[in-house]
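S.K.: Here is how the chains run, residue by residue.
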Amino acid sequence: MNGSGKMVIYVVAAIAALLIPQVPMLQPYLIQFAFLWVMILFAMTWDVMGGQMGYNSFGNIVFFGVGMYATAVVQRDLYFTVEEYANVAGGEQAALTPVEYLTGLSLGMGTGAVLAVVVAAVLGSGILGLRGHYFAICTLGLGIAAGELASGWDYIGAGSGLVTPLLPDALGERGPFFFYLFLVLAVITFAVLKRLYAGQFGLAINAIRDDEDKADALGLHATRYKTVAWCVSGFFLALTGGAFGNLVIFIDPTDVAFAGPTFGVWMVLMAILGGKGTLWGPVIGATVFHITQELFWTYLFGWQRVALGLLIVVVVVFFPLGIVGWLRERWPQRFGEVVDEEARRVQVSLEGER
Amino acid sequence: MSAILEVENVTKTFGGVIANNNVSLSVPQGSIIGLIGPNGSGKTTLFNSIVGYHPIDSGAVRFQGAELSRMRTPQIARLGLLRTFQQTRIFGKMNCVQNMQISLPHVNDNFATMLRKFPPEVTERAENLLEFVGLYPKRHLRAADLSFGQQKLLEFAMALMNEPAALLLDEPTAGINPTLINGLIDRLKRANAEFGITLFVIEHNMRVIMNLAQHIYCLAHGELLADGPPEEIQNDRRVIDAYLGAH
Chain W
18 MNGSGKMVIY VVAAIAALLI PQVPMLQPYL IQFAFLWVMI LFAMTWDVMG GQMGYNSFGN
78 IVFFGVGMYA TAVVQRDLYF TVEEYANVAG GEQAALTPVE YLTGLSLGMG TGAVLAVVVA
138 AVLGSGILGL RGHYFAICTL GLGIAAGELA SGWDYIGAGS GLVTPLLPDA LGERGPFFFY
198 LFLVLAVITF AVLKRLYAGQ FGLAINAIRD DEDKADALGL HATRYKTVAW CVSGFFLALT
258 GGAFGNLVIF IDPTDVAFAG PTFGVWMVLM AILGGKGTLW GPVIGATVFH ITQELFWTYL
318 FGWQRVALGL LIVVVVVFFP LGIVGWLRER WPQRFGEVVD EEARRVQVSL EGER
Chain Z
14 MSAILEVENV TKTFGGVIAN NNVSLSVPQG SIIGLIGPNG SGKTTLFNSI VGYHPIDSGA
74 VRFQGAELSR MRTPQIARLG LLRTFQQTRI FGKMNCVQNM QISLPHVNDN FATMLRKFPP
134 EVTERAENLL EFVGLYPKRH LRAADLSFGQ QKLLEFAMAL MNEPAALLLD EPTAGINPTL
194 INGLIDRLKR ANAEFGITLF VIEHNMRVIM NLAQHIYCLA HGELLADGPP EEIQNDRRVI
254 DAYLGAH
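Those protein sequences? They're chains W and Z, same order as listed. As numbered in my numbering, residues 18 to 371 make up the first sequence, in order. As numbered in my numbering, residues 14 to 260 make up the second sequence, in order.
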């Protein structure tokens with residue numbers, strides 16, 4: 018597909034997404050759509066490490082939780098003291114003006130994102146020297162540790178959680194507000210990642226995935242790339258977390274913020290389902306995953322997790338490369354690869370010997 | 014000719030196995046030097062020791078005056094001392110041109126260069142070097158789809174893309190189709206003469222190394238057995254015995 022053809026698709030997709038809230042039939046599902054954008058963000062940010070760079074991380078949920086708590090704490094501390102906030106029933110009646118709410122939310126999300134980058138850089142310098150399975154196992158502990166820490170820290174509500182301020186009425190319904198907020202976040206994340214993958218950064222992390230020893234031997238600053246990749250991932254995941262806390266209103270340390278067994282695992286599954294290491298794979302994987310999950314929940318209640326598990330088994334067995342990965346192997350030329358059977362067969366010759 | 018690379022009394026052991034014992038050699042600037050020895054004699058270990066793949070037990074390695082024995086592989090590569098691998102290492106899921114692009118020298122990399130896209134000049138140079146090793150028609154294929162011998166050629170081209178001052182080649186002709194070997198010897202000589210790259214070559218094919226190198230070192234059981242010009246090494250009793258198993 019040529020450049021302008023792609024552009025048309027992007028524009029049509031953007032207009033379609035923006036028009037969803039205008040369709041009366043879809044209006045009851047706007048929160049569902051917001052959750053879908055969150056799922057897409059999960060998969061895209063996980064894929065930077067797990068897909069493009071080949072470093073399976075089970076600890077990315079840490080950045081999500083850090084962003085969520087940081088945002089909620091900034092929102093609270095900007096306009097209240099901790100005691101005040103607790104007294105107004107955990108913020109449920111803590112009415113803010115639209116300006117106060119938006120200021121708190123954006124400052125909070127910004128703080129969370131910066132904090133997540135710092136956490137990623139510090140953790141990364143410690144454990145990104147580990148390779149392959151060792152890194153994966155090490156990150157497994159991070160989410161659990163973070164959840165335990167949050168559960169014991171009174172300042173952020175400890176085990177009883179933290180309530181985020183309510184969306185002021187003047188800003189409209191929750192549905193459209195969070196629909197657009199997460200849509201914009203997902204589109205920006207997609208665009209930034211697309212640009213990053215198009216340059217030296219993309220080739221470098223692909224090279225690390227294919228053979229890190231060779232990348233080292235060529236003088237590539239592998240550690241720097243790995244750390245930056247994790248920081249990028251953490252940055253967008255923290256923004257997602259910050260807004261997500263406001264969407265669900267109540268932050269539980271282990272079930273919402275540092276929800277390793279659910280969100281933390283899903284982000285891996287969605288990226289693999291869609292095709293890790295591809296631009297659109299995580300987007301498509303997250304969409305398929307979210308829709309099937311909701312359908313299973315509705316029609317197979319009680320068995321929804323079993324059905325989900327079977328789906329994962331089927332995907333891994335029959336589409337180990339994921340949906341987009343499978344398509345790419347079948348029709349590589351559609352993905353910008355030059356397929357030239359002639360070139361495959363041609364004999365290499367080294368003429369010009371003197 | 015002054016030495017670009019100097020190895021001084023390098024010893025490397027793995028548990029009880031002495032892989033390199035007190036090895037000293039020197040590679041003059043602009044030369045082509047050979048390293049031979051029976052299987053298991055410590056040739057690849059010596060390469061690994063030189064490029065910082067593992068720490069050495071004792072001794073010193075100097076490259077253009079810089080002491081390498083405490084540096085790590087990527088730092089050493091950025092100084093202009095590069096190595097290729099016996100079992101080829103390429104970036105399998107990337108196509109040949111991309112393999113070449115990421116092999117650009119990384120010495121001046123910073124956070125801004127992470128974002129750069131590759132200008133047409135870089136792609137053109139990559140394609141010229143692929144042409145140089147005969148892979149131009151296959152430039153859009155994924156590296157994993159190339160045969161072993163072709164991957165070997167790609168790895169050589171990637172090394173040239175990196176503009177090293179010296180290149181350590183670990184069996185460059187192993188797995189290469191015999192009809193290509195003369196062409197490859199020619200390319201190696203041209204890399205040395207035209208691009209000014211000093212070559213230090215491990216090679217089992219005697220015809221190749223005798224044809225290529227100006228001076229040859231022979232290792233056996235981790236120790237330096239003999240060194241001299243090709244014709245001398247060829248007729249050295251100790252070298253012949255080592256290869257025939259009489260050592």
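What the hints contain is simulated information worked out from the structure, not anything from laboratory work. Note that CB positions come from ideal geometry on N, CA and C, so glycine has one too. A couple of the hints might just be wrong.
[Claimed, not checked] Reference excerpt, derived from the structure (chain Z facing chain W, CB under 8 Å, subset only): (1) I31; (2) M84; (3) Q114.
[Claimed, not checked] Anything over 12 Å on all C-beta distances counts as not near chain Z; from chain W, calculated: (4) V28; (5) I161; (6) L200; (7) I225; (8) T240; (9) L344; (10) V356; (11) S366.
S.K.: Output the indices of the hints that this structure fails to meet, ascending.
M.R.: 1, 2, 7, 8, 10, 11
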